[in-house]
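Asker: Taking the hints into account, I'd like the entire structure generated from these sequences.
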Amino acid sequence: MSKASFTSRWTPVHHYVLAIVLGVILTLAVSVAVGASNPDDFWLAAGIGALCAAYPAMSLGAKVFVSNHTAARDAHGEQSVELQWMRQAGAGAFLDVLVVIVVASLVLAIGRFDMDALPVLLGLVALSATDAGLRYVAIRHRALK
Amino acid sequence: MKNNLAERRAERRWTQADLAAALGVSRQTVISIEREKFDPSLPLAFQIARTFDCRIEDIFIAD
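Chains A and B supply the protein sequences, listed in that same order.
According to this note's numbering, the stretch in the first sequence is residues 53 to 197, in order.
According to this note's numbering, the stretch in the second sequence is residues 7 to 69, in order.
It should be emphasised that the hints constitute simulated quantities derived from the structure, not laboratory data.
Note that the structure is predicted; figures quoted are calculated from it, not measured.
Think of the CB as a built atom: it goes at the ideal place given N, C-alpha and C, for glycine as much as any other residue.
A portion of the hints provided could be inaccurate.
[Stated by the list, open to error] Below, in silico cross-link-like pairs of lysine-lysine (BS3-like), each with a Cα-Cα straight-line distance of 27 Å or less:
no.	chain 1	residue 1	chain 2	residue 2
1	B	8	A	115
2	B	43	A	115
3	B	8	B	43
[What the hints assert, rightly or not] Quick list of simulated restraints, FRET-style, between CB atoms:
no.	chain 1	residue 1	chain 2	residue 2	range
4	B	64	A	159	53 to 59 Å
5	B	18	A	158	34 to 40 Å
6	A	122	B	47	26 to 32 Å
7	A	76	B	7	46 to 52 Å
8	A	77	B	55	49 to 55 Å
9	B	19	A	66	35 to 41 Å
10	A	177	B	10	44 to 50 Å
Answerer: Structure representation (structure tokens):
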């Protein structure tokens, strides 16, 4: 009988430092790119870009330099319950987004509103990601309570 | 689907993490199966049966 194969809860300090360094570098790169695309408001655009990029950049740093030392990969992860939760959350979020698109299209068609496509598409991306995330948390909570 | 996985695991004094590691799945998967909120796939059911040296129907009972 093999015991649980979690490697460790912690990893050497320099791994955390490397994760932060990678996160900062990526955040700065995105920030400068966004700022350069809006030279009239460079610092404002760069600040917004940094705010948007900081969390995913730090997460990537943690995944690359920390997670590999603190969590073991499940040998048969595809048979784990998390995959079912993810599928349920994704299917539910897809239907939610579909309903929103249909209702919004009806409102726009009847009201003859004129809108830019970019904010609408970004809103749909945000809605689908948030919806799927919240559904996953709710399904997980129900299953484990 | 009902099952006696928790009792069989307790008989062997294994933790949920031990069983999860032996099966190669997450601990949440073991918890969900024991609480009968998740029906394992057929390959996982066979693997559970092999782990406890018994047949699938000795562990899982259809409702």
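Asker: For every hint, state whether the structure bears it out.
Answerer: We went through each hint and held it up to the structure:
1. B:8 to A:115: It is violated: about 38 Å lies between the C-alpha atoms, which goes past 27 Å.
2. B:43 to A:115: Given that 27 Å is the threshold and the Cα spacing comes to 30 Å, the pair is violated.
3. B:8 to B:43: Measuring from Cα to Cα gives roughly 9 Å; hence the hint holds.
4. B:64 to A:159: 53 to 59 Å: holds, 58 Å
5. B:18 to A:158: 34 to 40 Å: Once the Cβ atoms are compared, 59 Å apart, the range 34 to 40 Å for residue 158 of chain A and residue 18 of chain B is violated.
6. A:122 to B:47: 26 to 32 Å: holds, 28 Å
7. A:76 to B:7: 46 to 52 Å: holds, 50 Å
8. A:77 to B:55: 49 to 55 Å: This hint holds: roughly 50 Å between Cβ atoms.
9. B:19 to A:66: 35 to 41 Å: Distance hint for residue 19 of chain B, residue 66 of chain A holds at roughly 39 Å.
10. A:177 to B:10: 44 to 50 Å: holds, 46 Å
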